[in-house]
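Following the hints, complete the assembly by docking chain B onto the known chain A.
Residue numbers (my numbering), protein chains in the order written: chain A, 4 to 237; chain B, 68 to 307.
In short, the hints are calculated from the structure, not lab data.
Quick list of in silico lysine-lysine cross-link-like pairs, DSBU-like style, CA-CA up to 35 Å:
1) A:Lys-63 <-> A:Lys-190
2) B:Lys-100 <-> A:Lys-63
3) B:Lys-135 <-> A:Lys-31
Note that the structure is a prediction, hence the values are computed from the model and not measured.
Now for the letters of each chain:
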Amino acid sequence: MVVIKRKYVIPGDLITDKNYKPLSNVIKIDDKIYSTRIGLAEITKEGVKVIPLSGPYIPKVNDLVIGKIVNYSAFAWEVDINSCFSAYLPAQNVFGKEFSTSKDALSKKLTIGDLILARIVSFDRTKDPILSLVEQGLGKIFNGEIVRITPMKIPRLIGKKGSMMKTIEKGTGTKLIIGQNGVIVIKGEPQSILRAIEAIKMIEEGAHMQDLTQKIRDFLGIREKEDEDGETDQ
Amino acid sequence: MKMGKLINEEGLRVDGRRVDELRPIKIEVGILKNADGSAYIEMGKNKIVVAVYGPKEVHPKHMSLPDKCLLRCRYHMSPFSTDVRKNPAPSRREIEISKVVKEALESALILYDYPRTAIEIYMEVLQSDGGSRCAAITAASVALSDAGINMRDLVVACAVGKADGMIILDPNDIEDKEGEADMPLAIMPNLNQLTLLQIEGKFTKEEFEKAFNLALEGCRKIHHIQKKALMLKYFGKVEE
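The following block holds chain A by itself, in its conformation from the complex (with noise of 0.2 Å):
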């Protein structure tokens, strides 16, 4: 694995003068790269890019997001995904094709301060995100302690290929159900809940730092190191 050395920048900080493609949260000036955001700079061969440490959660399409149902009308809920924009869930997302307003009353399935689990399946500029429950595995959650932390700090805990949120899941005995938006469902025993909240909060705190899933390790009593440094995946 190549090592890509990272360099901690805020906005307006020059990354490079030489000729990179631009690729997120950077802007290029007369052939300069700088940074929009607090966060840390690297330069692969595929262009240049700053993973930011804060900031709001934008909806992407394909994303996994934990909402709270906050109203409905007829033929759709109205969700809160913890960002600037409201997401709706149209009934045909949920009942599938043969939904029907005579047949199902949409207050039966989800009612307002409901939890769910859902995916974007379309969001652009000009439209708000419209989530769908169709797919295994997604729906309403029951039960489980909600920890909310920064969403750019989400790709960190979930690791590479959910390795620390696997190590924090083997460490604790719980179970998480982490959304893309920044909102974590953990389920377990109150004592390994507790457990778990206080590493995702170390993970939060220390999001910057390169040794990071060693040290959710130790926290936590994992000796072995069968999968790789679960470093930033994005």
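Okay, now just chain B, sitting in the frame of chain A:
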């Protein structure tokens, strides 16, 4: 040269500073738990808290812009911030400062990244001294980057004035009131662009050039402090 009451024989100002010296500045990041981004600045006797909320949904909805983000700015002085109690209702001066601060920050923000949303900046002056709009701009840009809003560069502001015929950096309250001229300016230091320039009073062409360069120098010093404050909050150390 005639020596007036604002600068003494040794060339020192009323608060003991040299003419090209800034007041002590302290910036703290992320002091408010419920805001998306926040900062606190002490610049001489100025004490200002800045909170940034957003991007969030626009209310009332008809004000939302289809292609970019709506920026709202409020500069407000607390009733206890001045010597004599200030009426808390926004005054003509506060409305004007809210507008110029908004425009000074707007050019640094990439508002097209957040269509149909609003960003709100609240600047509350807890204690006022000269140059509070500059301190407010400096702190607001730190708070905006704490909120994780895409911006081309930080914005840093600094004022220069004229007292007893001399160009002085960062005038305080007395120099601001008794002095002959006052020029606040804001820049984006890495891009080398100007976002605010106001002048009250008169400068000759030579004086203006000297004052302008002095202010730029002051801005760069403040930018360093801004940078240090952000680095300390996010990475726990200062990188040189």
